[in-house]
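Enquirer: Given only the sequences and the hints, what does the whole structure look like? Please build it.
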Amino acid sequence: MSLFKAHYNLEKKSIWLVVGIIAAASVGGLVEIAPLFTIDQTVETTPDMRVYTPLELSGRNIYIREGCYACHSQMIRTLRDEVERYGPYSLAAESQYDHPMLWGSKRTGPDIARVGGKYSDEWHAAHMNNPRDVVPSSIMPAYPWLAETALNVSDLDAHLTALRTLGVPYTDAMIENASADALAQATPDSDAASGVSERYGEATNMRRFSSQDTVTELDALISYLQILGQMTQAAYTTEPVGN
Amino acid sequence: MIAQLSRTERQLAAVLAIALALLGLTMAVAAKQGPMAVHGFMALALGMGLFIAVASVLEKPQTNPDADQQYYDDPTKVGIILSMVWGVFAMAIGLWVAALMVWPDATLGHAWMSYGRIRPVHTTGVIFAFGGNALIATSFHVMQRTSRTRLADQLSPWFVLVGYNLFLVWAVTGYMMGVTQSKEYAEPEWYADLWLVVVWVAYLVLYLRTLARRAEPHIYVANWYYLAFIVVVAMLHIVNGFALPVSFAGAKSYTVFSGVQDAMVQWWYGHNAVAFFMTSGFLGMLYYYLPVRAQRPIYSYRLSILSFWGITFFYLWVGSHHLHYTALPHWVQTLGMTFSIMLLVPSWASAGNAIATLNGAWGRVRDDATLRFMFVAAVFYGLSTFEGSFMAIRPVNALSHYTDWTVGHVHSGALGWLAMVTFGAFYSTVPLIWGRKAMYSARLVEWHFWLALAGLLTYVFSLWNAGITQGLMWRTYNAAGTLNYSFIESIDAMRPYYIARFFGGVLFLAGICVGAVNIWLTVRGVRGEAPDRPFAMQGAE
Numbered sequence: 001m002s003l004f005k006a007h008y009n010l011e012k013k014s015i016w017l018v019v020g021i022i023a024a025a026s027v028g029g030l031v032e033i034a035p036l037f038t039i040d041q042t043v044e045t046t047p048d049m050r051v052y053t054p055l056e057l058s059g060r061n062i063y064i065r066e067g068c069y070a071c072h073s074q075m076i077r078t079l080r081d082e083v084e085r086y087g088p089y090s091l092a093a094e095s096q097y098d099h100p101m102l103w104g105s106k107r108t109g110p111d112i113a114r115v116g117g118k119y120s121d122e123w124h125a126a127h128m129n130n131p132r133d134v135v136p137s138s139i140m141p142a143y144p145w146l147a148e149t150a151l152n153v154s155d156l157d158a159h160l161t162a163l164r165t166l167g168v169p170y171t172d173a174m175i176e177n178a179s180a181d182a183l184a185q186a187t188p189d190s191d192a193a194s195g196v197s198e199r200y201g202e203a204t205n206m207r208r209f210s211s212q213d214t215v216t217e218l219d220a221l222i223s224y225l226q227i228l229g230q231m232t233q234a235a236y237t238t239e240p241v242g243n
Numbered sequence: 001m002i003a004q005l006s007r008t009e010r011q012l013a014a015v016l017a018i019a020l021a022l023l024g025l026t027m028a029v030a031a032k033q034g035p036m037a038v039h040g041f042m043a044l045a046l047g048m049g050l051f052i053a054v055a056s057v058l059e060k061p062q063t064n065p066d067a068d069q070q071y072y073d074d075p076t077k078v079g080i081i082l083s084m085v086w087g088v089f090a091m092a093i094g095l096w097v098a099a100l101m102v103w104p105d106a107t108l109g110h111a112w113m114s115y116g117r118i119r120p121v122h123t124t125g126v127i128f129a130f131g132g133n134a135l136i137a138t139s140f141h142v143m144q145r146t147s148r149t150r151l152a153d154q155l156s157p158w159f160v161l162v163g164y165n166l167f168l169v170w171a172v173t174g175y176m177m178g179v180t181q182s183k184e185y186a187e188p189e190w191y192a193d194l195w196l197v198v199v200w201v202a203y204l205v206l207y208l209r210t211l212a213r214r215a216e217p218h219i220y221v222a223n224w225y226y227l228a229f230i231v232v233v234a235m236l237h238i239v240n241g242f243a244l245p246v247s248f249a250g251a252k253s254y255t256v257f258s259g260v261q262d263a264m265v266q267w268w269y270g271h272n273a274v275a276f277f278m279t280s281g282f283l284g285m286l287y288y289y290l291p292v293r294a295q296r297p298i299y300s301y302r303l304s305i306l307s308f309w310g311i312t313f314f315y316l317w318v319g320s321h322h323l324h325y326t327a328l329p330h331w332v333q334t335l336g337m338t339f340s341i342m343l344l345v346p347s348w349a350s351a352g353n354a355i356a357t358l359n360g361a362w363g364r365v366r367d368d369a370t371l372r373f374m375f376v377a378a379v380f381y382g383l384s385t386f387e388g389s390f391m392a393i394r395p396v397n398a399l400s401h402y403t404d405w406t407v408g409h410v411h412s413g414a415l416g417w418l419a420m421v422t423f424g425a426f427y428s429t430v431p432l433i434w435g436r437k438a439m440y441s442a443r444l445v446e447w448h449f450w451l452a453l454a455g456l457l458t459y460v461f462s463l464w465n466a467g468i469t470q471g472l473m474w475r476t477y478n479a480a481g482t483l484n485y486s487f488i489e490s491i492d493a494m495r496p497y498y499i500a501r502f503f504g505g506v507l508f509l510a511g512i513c514v515g516a517v518n519i520w521l522t523v524r525g526v527r528g529e530a531p532d533r534p535f536a537m538q539g540a541e
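Protein chains in written order, with the working numbering: chain A, 1 to 243; chain B, 1 to 541.
In case anyone wonders, no lab produced these hints; they're calculated from the structure. Careful, some of the hints might be misleading.
[As the list claims (entries may be wrong)] Partial selection, computed: residues in chain B whose CB lies under 10 angstroms from chain A:
| id | residue |
| --- | --- |
| 1 | 299 |
| 2 | 314 |
| 3 | 331 |
| 4 | 520 |
[Said to hold, decoys possible] Quick partial rundown of chain B residues pointing at chain A, CB under 8 angstroms, derived from the structure:
| id | residue |
| --- | --- |
| 5 | 115 |
| 6 | 116 |
| 7 | 181 |
| 8 | 183 |
| 9 | 218 |
| 10 | 219 |
| 11 | 224 |
| 12 | 322 |
| 13 | 329 |
| 14 | 335 |
| 15 | 406 |
| 16 | 446 |
| 17 | 475 |
| 18 | 487 |
No residue lacks a Cβ here, since even glycine has one placed at the ideal position from N, Cα and C.
Expert: Structure (structure tokens):
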């Protein structure tokens, strides 16, 4: 029986057609995706990698909410011009705690995978308020409302709990103090501030990120931008590639 | 339309409407405030509205109770109108988005109007709202005609149509309120995703039940494609949608996958949304309407088979070509590229099959703008799939990725292939199911065709130029061996292309508006000129 004759029979039975479609469509995904979950071989080990603080996580969620990923990628490819323009190419470990990843697919604006520490907080605050004040021909939208909106920190413990369920190593103390830590990171003179550096490391940025009186969404977003590419130093010690 | 439902169906409809209202109420109460509460109130209002509409005619006698010997086209009619309304809306938003790239201060300081929030409104609006409603509407039409049977029942098509559009409204209003998962082509949050699963399963069940009633021993080619579209989209949507809500009273969730795995799953989904929503689904449309309109049988049955299984098998491998030179393991990138190139064979088998079908009917292509829409669609399907395979080649991808070339590519697919074949299918279907001899105005169809083609070419050429210019500027070195251009210089260089794109969008939008008016005038025209056809043999086979 020829192949076309076999098909002649297959197209008389809708259930078998459906089974055939599922079978044919399953192979590619299984071959490519399943092996990636042997995580030790997919993601390199980086002892200094740390998790997002609650304030940075809030900033990341604001970044997602405003659709920033539509214009800015966070993935420096292993190409000479990208490494020279943006910095060391991105490692898998750097996004290992990112639910979801924000690698992006379009650079209407530049890649920002290594923007952390590149500009001052004041620059970011001015840039968000009106990008054209600092980059005259920028086509980025302005986000003036971020500085006027107080940051909601009330349910950050639930956010950290959900992420821990998915494998991000947040400790009980981190979850318990999530809301307080978020505010404390932006009010370094407060009593709670020492707890932040105790839980997230001495290198954590602790300051008022915008110049607002209360902790705003702008503080959270800048705290997130200032840590991009600085969560681990592994990328800076990897041999560069020539391609 | 409700009067056409049987009494049992009306009772069931009333129960479903109450269930929807209760679901909405639960969501609204649980969420108390925020976007999920807004969405809960929407479902509540819709459920109550539907209940009132159904309850008011619950006991009235069924009109035309012996309609069993006729096709059931009411859902197709509503689907086509919804598709056109969404199309005009989504393309108007697209124009606004394009304008923001030239005049960035046009957001007027409102969060919901800013680029990052309305760009997904445009994407979802065009692909899933305009395209999805078109697919649902035409699939109902095609499966009845090719199976020579009536839809399995009169209630589930409405469940699919209303349920799907509720999902779309949740999605689109959600983005404006800042609700997004940020996964490309899969931005709606967890509860909208779950709702879509329910709707989609109902769609599959309806499709299989109708096929089971068919009077033809063989399942027609178009139905294979529609089936693959329904089945695989469900599979992709479920796996890509795995997420853990922060709380059941809020919209925010965290996707189960992280980093590299998430990127791979995202592009496995994202590229196959292209494959099974935007390719298989619309090929189903093409394989029915093109031969019927050209009055020629499909050129090759064997090519159809080759193309169908080739697309169904190869496409699922190719998503990783979006991740060349990234932190994804190298072997996966290479595998994705290899299969992307092989994919050209089954893609061109269908494109060639469509164009060869027109052989001997070129006179009709010249004279009939409706058929010309489908011809241009087949050509652009061929072009876009060639471009896609080409862009998957590693060094080409190094230049094209992250640039406007990608945006140009997806628009040559969306405008040149999806929209064109949809318009061709609509202009074939609308007179038929509303009982008219022809569209209200053939001249307006011509106008729509040339506006759409001019808009498409303006758009695509400007973005090809934009993309290649960006890609080259980013990698240009000067004599001293350092990068020659700053990033902002590449943005400055885009301005003329972005303006040209805006005007391409104006033309395309004008075209669809002409089409919407023409369809509306046809619907409102003289009724009963050509009565609904009984289950006669169709010209397609």
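Enquirer: Does each hint fit the structure? Answer for all of them.
Expert: Results for each hint:
no.	hint	verdict
1	299	violated (16 angstroms)
2	314	holds (7 angstroms)
3	331	holds (9 angstroms)
4	520	violated (34 angstroms)
5	115	holds (5 angstroms)
6	116	holds (2 angstroms)
7	181	holds (7 angstroms)
8	183	holds (6 angstroms)
9	218	holds (5 angstroms)
10	219	holds (5 angstroms)
11	224	holds (7 angstroms)
12	322	holds (7 angstroms)
13	329	holds (6 angstroms)
14	335	holds (6 angstroms)
15	406	holds (7 angstroms)
16	446	violated (36 angstroms)
17	475	holds (4 angstroms)
18	487	holds (4 angstroms)
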